[in-house]
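With chain C fixed as given, assemble chain V onto it according to the hints.
Residues per chain are reported as follows:
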Amino acid sequence: DTAVSQTPKYLVTQMGNDKSIKCEQNLGHDTMYWYKQDSKKFLKIMFSYNNKELIINETVPNRFSPKSPDKAHLNLHINSLELGDSAVYFCASSQGDRAYEQYFGPGTRLTVT
Amino acid sequence: LAKTTQPISMDSYEGQEVNITCSHNNIATNDYITWYQQFPSQGPRFIIQGYKTKVTNEVASLFIPADRKSSTLSLPRVSLSDTAVYYCLVGDMRNAGNMLTFGGGTRLMVKP
Chain C
1 DTAVSQTPKY
11 LVTQMGNDKS
21 IKCEQNLGHD
31 TMYWYKQDSK
41 KFLKIMFSYN
51 NKELIINETV
61 PNRFSPKSPD
71 KAHLNLHINS
81 LELGDSAVYF
91 CASSQGDRAY
101 EQYFGPGTRL
111 TVT
Chain V
1 LAKTTQPISM
11 DSYEGQEVNI
21 TCSHNNIATN
31 DYITWYQQFP
41 SQGPRFIIQG
51 YKTKVTNEVA
61 SLFIPADRKS
71 STLSLPRVSL
81 SDTAVYYCLV
91 GDMRNAGNML
101 TFGGGTRLMV
111 KP
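Order-wise, the sequence lines are chains C and V. Following my numbering, the numbering of the first sequence begins with 1 at its first residue and continues without gaps. Following my numbering, the numbering of the second sequence begins with 1 at its first residue and continues without gaps.
Hints in this document: simulated from the structure, not taken from any laboratory. Please note that a few of the clues may not be correct.
Simulated restraints, written as ranges between beta carbons of each label pair [said to hold, decoys possible]:
| id | chain 1 | residue 1 | chain 2 | residue 2 | range |
| --- | --- | --- | --- | --- | --- |
| 1 | V | LYS111 | C | ASN62 | 39 to 49 angstroms |
| 2 | V | THR72 | C | HIS77 | 33 to 43 angstroms |
| 3 | C | ASN51 | V | SER9 | 38 to 48 angstroms |
| 4 | C | SER80 | V | PHE63 | 44 to 54 angstroms |
| 5 | C | ASN62 | V | TYR13 | 45 to 55 angstroms |
These stretches of chain C come out as covered by chain V in the derived footprint (C-beta under 8 angstroms, 3 or more residues) [said to hold, decoys possible]:
| id | stretch |
| --- | --- |
| 6 | 48-58 |
| 7 | 102-109 |
Note that beta-carbon positions come from the ideal geometry of N, C-alpha and C, so glycine has one too.
Chain C extracted, bound-state conformation (with noise of 0.2 angstroms):
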C-alpha cells in the first residue's frame, strides 16, 4: 500500500494554464506539504498545512494555492502557469511533533511548454 500517493505523475501543459496536482496519505498524519524540487535539484518547502492552519512560504507566488477536502487529502492548484513553474512537486506528511519526519510521494513532474 503506498503511502503518500500523488497524481498525475507527470503533467505537460501550456503557458496561461491551471492545473491541479492531487495528493493522499493513508498514514492517519496530521500534518500536509507541498515541496518543488528545481531542475537544479534544489527541494523547496510550498507549504505547510496542519488542522486547518496554512503556512505559506513567503517566497510562493500566490498563483500556487493548496486545498484540504480532509486530513488526507492536500491538493496544490496552480493558476496561470509560467515556463519557470516547471519542474518536480512532491507531496509528504508527517505526525504530531514529528515534523522532522517526513513521508514524501513519488513526486508530479510539471512541464509549462
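Coordinates of chain V only, in the frame set by chain C:
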C-alpha cells in the same frame, strides 16, 4: 534554521563504510540534526535524527561531537543501491511550522 555545508559529491565502492560530514557552525540549542536520502526520481526518505553523541538505527549511524557544530552520517558496508543524494538538515523541526529546508546535499556514487 542553521545553515549547513556538506560535500557536493562522494565516491565509494561496494562494501566500504561511507562517512558524510555536515558542518553547521551556527546550530542553536533547540536544533536537531536530521538526515534524508533521495534516490533518483523519488521523494526524499527520512534516515535518522539526533541531538548529541551517537544515534544508530538499522540504516545508519549519526555521530555528533560535543560542540554540535558538525555531524557525520555513517553508512556501513554500502551497496550499489545506496547511490543517492544525502541531505543534512538542522533545525527545531518537531514543530511543523518550522519547515524543513533542504540544502544541496551530497551526491554519493557507489561503484562496484
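Results of checking the hints against the structure:
{"no.": "1", "hint": "V:LYS111 with C:ASN62: 39 to 49 angstroms", "in the structure": "holds, 46 angstroms"}
{"no.": "2", "hint": "V:THR72 with C:HIS77: 33 to 43 angstroms", "in the structure": "holds, 42 angstroms"}
{"no.": "3", "hint": "C:ASN51 with V:SER9: 38 to 48 angstroms", "in the structure": "holds, 40 angstroms"}
{"no.": "4", "hint": "C:SER80 with V:PHE63: 44 to 54 angstroms", "in the structure": "holds, 48 angstroms"}
{"no.": "5", "hint": "C:ASN62 with V:TYR13: 45 to 55 angstroms", "in the structure": "holds, 49 angstroms"}
{"no.": "6", "hint": "48-58", "in the structure": "holds (count 4)"}
{"no.": "7", "hint": "102-109", "in the structure": "holds (count 6)"}
Comparing the model with each earlier hint shows no violations; every hint is respected.
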